[in-house]
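Could you put the whole structure together from the sequences, leaning on the hints where they help?
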Amino acid sequence: MKILLALFAVLAALAAVAVLAVVQLVIKLAPLLVLLAVAVVVAKAVQARRRPPPPLMPALPPARRVTPAVTAPPRPVGWAPHAPGGWVLLPVWMGPAPVAWRPPPTVIDADVEGEHRG
0 MKILLALFAV
10 LAALAAVAVL
20 AVVQLVIKLA
30 PLLVLLAVAV
40 VVAKAVQARR
50 RPPPPLMPAL
60 PPARRVTPAV
70 TAPPRPVGWA
80 PHAPGGWVLL
90 PVWMGPAPVA
100 WRPPPTVIDA
110 DVEGEHRG
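By numbering that gives the first Met the number 0, the letter at position 109 of the sequence shown is numbered 108, and the numbering carries on one by one without gaps.
Hints listed in this document are in silico derivations from the structure and should not be mistaken for laboratory results.
For glycine and all other residues, C-beta sits at the position ideal for the given N, C-alpha and C.
Check each hint, because a few of them may be wrong.
Unchecked claim - Beta-carbon label-pair distances, calculated as ranges:
hint, residue 1, residue 2, range
1, 45, 5, 52 to 60 Å
2, 102, 68, 25 to 33 Å
3, 31, 3, 37 to 45 Å
4, 33, 66, 52 to 60 Å
5, 45, 9, 47 to 55 Å
If you want it as structure tokens, here you go:
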């Protein structure tokens with residue numbers, strides 16, 4: 000545990016030194032960074048003045064709906080929803096199990112179980 004704590008302390012000290020080095024570098028380069036930012040802003044302003052204004056475009060017509068709205072097809076005459084039971088999504092059977100699938104009922108004969116008790 001002491002080794003882990005010492006490793007954490009060393010890494011924290013290294014991180015602090017790295018952050019302080021970056022701060023010191025930014026302070027040294029601050030005048031150069033400010034001059035660079037001013038030069039970029041001036042260059043963009045000069046470039047914007049030299050560029051001719053874009054040509055005026057006529058307004059677009061209002062958007063129209065091209066395709067009709069999608070609606071459900073009408074139900075046939077005499078249509079009724081299916082009764083519960085039947086195949087749904089292939090291997091799933093809904094409803095009571097067919098007779099062939101039912102396990103044989105367990106028959107308990109009370110006379111045989113209680114005969115030899117004494």
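The hints, checked one at a time:
1. Between residue 45 and residue 5 the beta carbon distance is about 58 Å. The supplied range of 52 to 60 Å therefore holds.
2. Separation of residue 102 from residue 68 is about 53 Å and departs from the stated range, judged on CB atoms against 25 to 33 Å.
3. Range check, residue 31 to residue 3: Cβ separation about 43 Å, and the 37 to 45 Å hint holds.
4. The hint said 52 to 60 Å for the Cβ distance between residue 33 and residue 66, and at roughly 57 Å that hint holds.
5. Under the hint 47 to 55 Å, the C-beta atoms of residue 45 and residue 9, about 52 Å apart, fit the expected range.
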